[in-house]
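Chains A and B, in that order, are what the protein sequence lines are. If you count by my numbering, then the first sequence holds residues 120 to 710, one letter each, in order. If you count by my numbering, then the second sequence holds residues 28 to 402, one letter each, in order.
There's no promise every hint is true.
Chain B regions said to be covered by chain A (calculated; three or more residues, Cβ under 8 Å) [said to hold, decoys possible]:
1. 194 to 207
2. 219 to 229
3. 315 to 324
4. 341 to 352
Some chain B residues close to chain A (C-beta under 7 Å, calculated; not the full set) [said to hold, decoys possible]:
5. P158
6. L171
7. E175
8. G179
9. H180
10. E273
Okay, derived cross-link-like pairs now, EDC-like style, lysine to aspartate or glutamate, Cα gap no bigger than 16 Å in a straight line [stated by the list, open to error]:
11. A/K452 x A/D381
12. B/K320 x A/D266
13. B/K331 x A/D326
14. A/K493 x A/D642
15. A/K123 x B/D226
16. B/K320 x A/E258
17. A/K123 x B/D219
18. B/K356 x A/D326
19. B/K320 x A/D193
20. A/K528 x A/D562
21. A/K703 x A/E258
22. A/K245 x A/D162
23. B/K230 x B/D385
24. A/K363 x A/E527
25. A/K138 x B/E213
Hints in this document: simulated from the structure, not taken from any laboratory. Ideal Cβ placement from N, Cα and C applies to all residues, glycine included.
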Amino acid sequence: MSLKHIITPFSAWVRAFTKPYTVPEAKTMRPGAPRYRGWHINDTDRCVGCGTCADICQNEAIDMVRVDEPVNGDAGLRPRVDYGRCCWCALCVDVCPSASLGMSNEYVWVDGDADVFRYTPGVDEKPWDESALGWRKDEGFHLFDPDRVPMPHLDPLERVKTWAEVVIGYAEEEARREAARCVQCGLCIAACPARMHIPDYIAAIRDGDDAEAVRIIYDNNPMPEMCGKVCTRNCEKVCSIGVKGEAIAIRWLKRYATERFDDLKSVIDVTRSDVGKGHTVAIVGGGPSGFTAAYYLALRGFSVTIYDELPRLGGATFFGIPKYRFPLPSLDKQVQLLEDAGVRIITDHRVEAEEFARLREECLAVFVGTGLMKPYRLGAHGEELDGVIFALEFLRDYHIDRPVEVGEKVVVVGGGNVAIDASRLARRLGADVTISYRRREVDMPADEEEIEDARAEGVEIFTQSIPLRVETREGGGLTYVWGPAEMLPAEEPGKRPRPQLIEGVEHRLDVDRVIVAIGQGPDLSWMGDETAHAVGDKRGWISTDEFGATAVDGVFAGGDLVNPVADAISAIADGLRVVEGIVKRAKAKQK
Amino acid sequence: MSNDYDVTKETHLWFGPQHPGVTGNMSVELWLKGDTIQRGITHVGYLHRGFEKLMERRTFIQSFPIVCRICVPEPDTNEYLLAKGLEQLGGIYDDVPEKARWIRTLTLEMARLAATLMVLGGQVGSMGLGPVPQWMMTLRDYVLDSFEELSGHRIYHMYIVYGGVRRDLPEGFEGRLEKTLQTIEERLPWIDRLMFENDVFRKRAIGIGYVPPEWVDEMSLSGPIVRAMGIPRDVRKDYPYEVYPELDFDVITEEGSDMFARARVRRREIAQSINLIRQMLADMPKDGPFCLKLPSLMHWRIPKGQTYVRAEASRGEFGYFVVTDGTDKVRRVNVRGPSYVHGVSLLERMLPGTNISDLSSLMVSLQTCPPEIER
Chain A
120 MSLKHIITPF SAWVRAFTKP YTVPEAKTMR PGAPRYRGWH INDTDRCVGC GTCADICQNE
180 AIDMVRVDEP VNGDAGLRPR VDYGRCCWCA LCVDVCPSAS LGMSNEYVWV DGDADVFRYT
240 PGVDEKPWDE SALGWRKDEG FHLFDPDRVP MPHLDPLERV KTWAEVVIGY AEEEARREAA
300 RCVQCGLCIA ACPARMHIPD YIAAIRDGDD AEAVRIIYDN NPMPEMCGKV CTRNCEKVCS
360 IGVKGEAIAI RWLKRYATER FDDLKSVIDV TRSDVGKGHT VAIVGGGPSG FTAAYYLALR
420 GFSVTIYDEL PRLGGATFFG IPKYRFPLPS LDKQVQLLED AGVRIITDHR VEAEEFARLR
480 EECLAVFVGT GLMKPYRLGA HGEELDGVIF ALEFLRDYHI DRPVEVGEKV VVVGGGNVAI
540 DASRLARRLG ADVTISYRRR EVDMPADEEE IEDARAEGVE IFTQSIPLRV ETREGGGLTY
600 VWGPAEMLPA EEPGKRPRPQ LIEGVEHRLD VDRVIVAIGQ GPDLSWMGDE TAHAVGDKRG
660 WISTDEFGAT AVDGVFAGGD LVNPVADAIS AIADGLRVVE GIVKRAKAKQ K
Chain B
28 MSNDYDVTKE THLWFGPQHP GVTGNMSVEL WLKGDTIQRG ITHVGYLHRG FEKLMERRTF
88 IQSFPIVCRI CVPEPDTNEY LLAKGLEQLG GIYDDVPEKA RWIRTLTLEM ARLAATLMVL
148 GGQVGSMGLG PVPQWMMTLR DYVLDSFEEL SGHRIYHMYI VYGGVRRDLP EGFEGRLEKT
208 LQTIEERLPW IDRLMFENDV FRKRAIGIGY VPPEWVDEMS LSGPIVRAMG IPRDVRKDYP
268 YEVYPELDFD VITEEGSDMF ARARVRRREI AQSINLIRQM LADMPKDGPF CLKLPSLMHW
328 RIPKGQTYVR AEASRGEFGY FVVTDGTDKV RRVNVRGPSY VHGVSLLERM LPGTNISDLS
388 SLMVSLQTCP PEIER
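Take the sequences, apply the hints, and build the full model.
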């Protein structure tokens, strides 16, 4: 024992005269650090209700509660956080695909009622709702990659010389990587007209089970390779990851899965059930709606015959879509499985009024899915001239090996997918192509990606140009005369702005061909006038009930004839509805 | 005549689980003669939440907020080891960005500093000296302020994640951390005066709680307990990880293997941690990514495999034995914490002959941490 060691500790009394570290009460507390993980906040306008926060929460502290009606791309749900369970790990914030969820830097919340510590941020008002500080999603840390795996394309200058597929497709590793990005929220299912099980097949691809993915896909889509290549992909437009980053390449993943198998029968079980045994169904038109109805009716045991006037099934997906987007082997593969499922296929056969009447007699149901085959006319002077052709006919003739002639310079009038397809086809036939469209580029109904591809391939686009007339040119060829337009506001809200011709200005373009692609309408004349009027309205459009039944007993319809959306996946959805309708009819007959 | 003061009579006594002298929620069942412990049994389980089992039911990313709870005073070691183990098995450990390695090491050293401050305060606190633990908790809180700024929380940082760390250093963080380090340094001489130059502490620490060196390998002891025997054993030097090889430091050892020597080791390690943090703040790369970009941490699948990873915590060697089976969840995680060895096996072995009044300070000196025993 030393004196020093007894005395030294008392020196601590000196510190009694220094300022204390501690704060006297909670009121003088400093605010939380700028990235403190405090009570949640949510930008509800930005939130799409995908539920990924609830998924990742390991404490199950987050429930998704209904606060609004669901709309396309917004489930109408918002996260409600239970602070009896929350551990403030902020994984919910870091995973939030829309970056709407955050945390305030608020430390303290005192309340005598234990039940209040559960609220829906952004919906139930809290003092910290406007807090600018607190934990937020950071650009440098991601729980999933916000960027899409790039899809390799053929070089634009090379590809116009060939018919090879422009899109090369994902390799296995790329597909797995892309599929892994999916957060499995399922917003896409509601957006898909056919309600495909998108998260499920993406999960299967992610886990390396491509066969299972194809089986899941075939549950409600018998033309997945077509959809995987050319679908309008409503699903990707609502993808929750697309809110902040790039949407999952759902279409390319479907394409990847189906392309893995040359023989689909090795993966898909086409055993027929007994539901429709003994019933026959005739399907007129082999497009996506008829194709779908035929496949699923066959699997349910119906004996199905499908008629098409062209040499191949597929309808517009066969003759309308150029083969650099959807090659024939891909189509044939799908048709092969249809045959394997026991469907009788009769091609190169146009059903006329008499046969249609007979089919109605003999069959339990007849399905009409003949699509829109009557192109709209330009309504401009000179459109009857030689060298003015319809895009639909141009595409069809090319695909059924009839000779087509485009010359050196072509103008395509219109701004839809058909116009783009026709121009890219003409480009591959060696022509210089100009598109003339009366509205602005943003108003073009064609797929954005397609427009970009066309432009990359050297197609020129004139927007706000209204066709005035077509004239013959001395020494052969035509002159396409157009006038510029200004845009007027839409007449009704929700409609597109109207183009208004600026009088007195004329532009002239010397061309060899004018290809008209301003839309197409229905034509039911083949079934005889009387029946046509009973089935459809006077312009040929058909209205049906929710199961695709028309006003005429035993006649069902679907596809573009019925559905103004007029894309393949909507037609497939129509086909699925009709299957339900026909199965119901069969069951009613058996009773 | 027999009464409670009869030293020949054996008294049966429960020490804890609700006792201020026990480090955390555990209890020691004692048999005493007079105030000398004859034998004792440790009882744990009051804090059992089954972390290891929970992880088997959660995806990798969901397991990440759990592990910090295995050690309250020093959660970062757990976060780091789980991340490293899974990164190794998932084949991405080598791709972790350079900056992330520096920040990881920085947080590990900050956590060692905060935990050592607390245990050193507890050491004299358990003997009844008030000011030092109060200062130490204050100083620790300053380190926790830095943690709050860095990771968003004071205690459960949830900061070191697979692929790197969750956020970059905040703007001006280095300066504020340096200020904290200076505050701590300024206080260290006072701690010397009140602790190491205090006869009460010296009398109750020198020669008390002796651990014989032959037990080191027999019981796989580690950390300050071993270094207080003069054995330079430190995972940071023996199995260097992250950026420790690039830092300049020596393993701190003391002679004596008693409570006093262990306290000396910890006191010097505070200064060492401060020094290491300064080195890192100076040498750390300023730019670059702080986390690896993976396709998805939500659906991460790790091939079949097993690994053992270790790091030096303030208490000694922390190890994670991780087994994966190709799914998105771990097959098994076994946490090797120093407290199990020190607080259960070693403590029971040291109890016979110990005076009951030394028991609390002995438990602090062995740095027992019950949540880590009961993972």
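>> Could you work out which of the previously given hints the structure breaks and list their numbers from low to high?
In response: 4, 6, 10, 19, 20, 21, 24
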